[in-house]
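Peer 1: Chain by chain, the residues run as shown.
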Amino acid sequence: MESPAEIVQHTAGGMIGASWLMIAFPLLGAAILLILGRMTNRWGHLLGVAMSLASFVVAVLTFLEIIGLPAEQRRQAVHLYEFIPGMVDMGLLIDPLSISFALLITGVGSLIHIYSIGYMSHDPERRRFFSYLNLFVAAMLLLVLADNYVGLFIGWEGVGLASYLLIGFWQFKPSAAVAAKKAFIVNRVGDFGLLVGMFIILATFHTLTFSELGKQIAEHPPSGGAVTAIGLLLLLGACGKSAQLPLQSWLLDAMEGPTPVSALIHAATMVTAGVYLVVRSGAFFFPPDSTQAIAVSVVGAATLLAGAIIGCAKDDIKKGLAGSTMSQIGYMMLGAGLGPAGYAFAIGHLITHGFFKADLFLGAGSVMHGMNDEVNMRKYGGLRKHMPITFATFFIGYLAIIGFPLLSGYFTKDGIIETAVHHQPILGWLAVLGAGITGFYMSRMVFMTFFGEKRWEKDAHPHESPAVMTWPLMILSIGALFLGGYLILSNRLYFFLSPAVGTAEATPEFDFASTAGLVTLALVAVGAGFAWVRYGRAEVPAVAPRGSFLTTFARRDLYGDALNESLFMRPGQWLTRFAVYFDNRGIDGLVNGLAAGIGGTSGRLRRIQTGFARSYALSILFGAALLAGALLLVGNI
Amino acid sequence: MSPWLPILMAVPVLGAIVVALLPKGSDKLAKQATLLVSLVVLVLTLVMAVQFKTGGPRFQFQAVYDWIPSFGVKFGVGVDGIALVLIALSAVLVPIVVLASWHDADGTQSADGTLITPKRSVKTYFSLLLVLEAMMIGVFASTDIFLFYVFFEAMLIPMYFMIGSYGGAQRSYAAVKFLLYSLFGGLLMLVAVIALYVVAGKGTFMFPELVGVIQDPATQKWLFAGFFIAFAIKAPLWPVHTWLPDAAAQAPAGAAVLLVGVLDKVGTFGMLRFCLELFPDAAKAFTMPIVVLAVISIIYGAIVAIGQTDMKRLIAYTSISHFGFIVMGVFAMSQVSQSGAALYMVNHGFATGALFLAAGFLIARRGSPHIADYGGVQKVTPLLAGFFLIAGLAGLSLPGLSSFVSEFMVMIGTYTSSAFGSGALAVAAIVSALAVILAAVYILWMVQRTLNGPTAEPVKAFKDLNVREIVVLAPLIALIIGFGFFPKPLLDVINPTVTQTLVNVKVDNPAIAEKGAGQ
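Chains as they are written, first to last, in our numbering: chain F, 1 to 637; chain V, 1 to 519.
Just so you know, the hints here were simulated from the structure itself, not pulled from any lab data. Values in this document were obtained by computation on a predicted structure and should not be read as measured data. All residues carry an ideal CB built from backbone N, CA and C; glycine is no exception. Don't take every hint at face value.
[Unchecked claim] Residues on chain V that point at chain F, a partial pick, calculated with CB under 7 Å: (1) P118; (2) R120; (3) S121; (4) Q378; (5) L398; (6) I412; (7) I430; (8) A433; (9) V436; (10) I437; (11) V441; (12) L444; (13) Q448; (14) L491.
[Claimed, not checked] Covered stretches of chain F, as calculated for chain V (at least 3 residues, CB under 8 Å): (15) 184–198; (16) 575–588.
Could you put the whole structure together from the sequences, leaning on the hints where they help?
Peer 2: What follows is the structure, given as structure tokens:
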């Protein structure tokens, strides 16, 4: 078992020294598009794509430079400038963990940029859309590349802002405006945790910089209440950003945003930031049987089930996928709570999920594009012949997410399940159950959309999307096919990440014939079979049947919103109303009464606004001031 | 003797006289002259500021003239780092406000069509603005406590007329309330100033000579109270805050910016310099009750802001919340918290200034400050909506914008302060951090109701920002973003002054991160 390698200060130039360009390109793109506004209407989207691609190139070159270094030198801090003198400097940390994220963000991000050229082609505000996408990429890169918690937090809130702007991109729709606001506010609850976590880190370790923190922790291994508190508070932050229980409620509403946004921000990248935070802060979640580490896994297990159950009941294809995203991030959280044994699988699943979930979301967008923006799967059906590429890529994504053997999701999800069964058996078996449910709801989605009879609206003319949209789908589905195997077999990702996250007691071994793995496969098959019986073979009613208590429970997102409303929103409204009343009548009433009393107008200042009352009160005060002054002077000198 | 500060005050005073003496009917000339004078002051201030030596003596550009020799009253001016950045803040805001207020003194159309006519002429308004600028510079530059008091009180007069003569429908009520509150505080302060002079027995009001002179704890407490109450009203701190929402809501937007952005800072500036350094033992004795009041302000101001239906009142209440942060930072007595508080004073000026002005532009188009009268503004005037949103985000201290740096420093500096050993400050910091959630609610809910959703019928006729309005908002936004990522220039000026303050207060509270992260 080894701790992460020490972070060395980068001195030589090279790509690592220039890695800040990764952030600078998309930031520049966003700035140009926002400042020039409508002037960029004609070429704005191209600039956005170019900046994202440029960032991807920098990421690849940096990655190549990293893997050219010996393992113990693969963590390099690049100093940028003095930020808050005496407290924290701004700098980037280029290490296997951050560069993995950077590749995912810029790679999948660029594909989604390209796809959006087609998807948003009819929107008059397309360049604004691209400016927000660029802003998002820049902020997300700052989040994962910053070498300190303050920089991470700036990126953290920056992606929150981009998410807010993009969920509310069609802000003239009240539902979109409300969803955007809700996402930001719920996230701020998590931010509170991250903020207070930073307070305690600084108070305990006197630094917020990862490299210093690493040294401090190596010298005095942390223990006790402070570390538990830090861990739990960071977990609260992670729950907000990653839509984990109890802060999950915003993600389903976030589907109000354009579909590429759902793919990029609310599936592939931003919502995984919580997992990044936990893994990056691994030292505070150590050892894996500490309260805070177990809490991470418990939250993950609970959310993976909750998300899967919600996914079963949604007729809106995007909301179904959103439930699935919650669920898959739950798997990553479960893995991240298991310590270095689970990190490689959690991050691996994060990367493969980035591919297959982006693939699925963009596929859903392609379907919507051909179906007049219809999202209700009950009005789909039989689309596979009309959208062959979309169907094929969606189907690959589907096989990957349910863990069909040898596809990407199989390796990474199974890795998490097996590690969990080994370290936290109860949670592990819950994850097995979750996989079965995944098999059901994802099959349901595929059957309702691409198989069975047409249930289209009259004016629907489904057609395949243009090449600018299908090419990204095909590239993503290649990742969904092979990436998992590449990363997990021979422990490639494990060994690559280990300088950044440490190693486990025993090197993980992927077992093709473990009990848990076989049971998982069986359950997935049962789930898919059940979906075939209900939605493949049988006719799908065009209007959702009422369903049982359980169905309603799932449709209502497990009453998460109802709970928030009765616990926070309504009491909050009462408190606000009371406070306003108290301020107007209580405090101000008292003050007005007092003032009027001094002015000798017996409590009617508010009504009597003639010059008399005013000058009277004034002269009294002036007089009193002079008198008091004079008395003091005379009396003491 | 350095001529800088007297010149900085003389230029706007002379400008004010010229503007006031212009013949009737030359309103446009009056506006242009005022803008020119305020720009000259800005340039002079910047030229002076770059000559400030961060490692040099505490007070620089000093000038001391005898004023009332029989009482030892001097016209003594000089600036330390904090005074310098606040003077710079004033000098930046005034030309922006002049340009923003171009039509504010011409009379405003209210939503129901009635015209609210000002009581005084256009040139008087701009003349008052320049007088106010001179006084704002003077109050921060005073090193003589009596001179400070004079400016502290005299500042009320131009502001009283700006609210009372050019404000909204309830202007008289608001102006009188503002004046009475302030005079009450000023009276207490006057008593304390004179008592300080007498008890110290040094025959001078000069601040540097009075530091550490008052030793008796009981005397310290009484004098502290006199100063503190005046500053708490000015800042304003809960529960003496109720004048601010009325004054800010009734004042023309430009005057509201100077009121909340600069005048109120005199309160927090005074706490940091006078309450702490002159009466250190009393300050330490009173710390906990004051921090509690500050935390109440933070949370209470935010909650009441959420419930407001009037944009300007809403912004005023957010400021009460923000002033709570500043006061908490001052009294947590750590290097980080106090530097954060001083920085907060500047950043809040920019952020709230931008928000008030953007809201003012919105209100000017509709004639109503009521949030419910808007909706869908973004669709019609995207530029105005964009500026409004960024200013709002600065108001909720979004990281990457300047207000985040200062709020973060105040909170983390309070949490890590070892000044009082106990965990009470840590608890205060944690409770105050809840405001990050409330801030998101008050800003984004306002944004949702005004900018988003279907476009309200009267909004459809809105025109987007004109060049003048863009020139007003763009520099503020640039400063907000610039200092959000590069706060170092301001902090380098502020930090030595805070260090000196802590030495004078005799608080042994080393900076938490002894040597920062960068090797």
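Peer 1: Does each hint fit the structure? Answer for all of them.
Peer 2: Taking the hints in turn, this is what the structure says about them:
1. P118: Violated. Min distance 17 Å.
2. R120: Violated: closest Cβ of chain F sits about 15 Å from R120 of chain V, beyond 7 Å.
3. S121: violated (19 Å)
4. Q378: holds (6 Å)
5. L398: Holds, about 6 Å.
6. I412: holds (5 Å)
7. I430: holds (6 Å)
8. A433: This hint holds: A433 of chain V lies near chain F, its Cβ roughly 5 Å from the closest one there, short of 7 Å.
9. V436: With Cβ-Cβ at 6 Å, under 7 Å, it holds.
10. I437: Hint on I437 of chain V: holds, closest Cβ of chain F at ~5 Å, below 7 Å.
11. V441: With a minimum Cβ separation of about 6 Å from chain F (threshold 7 Å), the hint on V441 of chain V holds.
12. L444: holds (5 Å)
13. Q448: It holds, given that the least Cβ distance between Q448 of chain V and chain F is near 5 Å, below 7 Å.
14. L491: holds (5 Å)
15. 184–198: holds (count 9)
16. 575–588: holds (count 8)
Consistency with the previously given hints fails for numbers 1, 2 and 3, ordered from lowest to highest.
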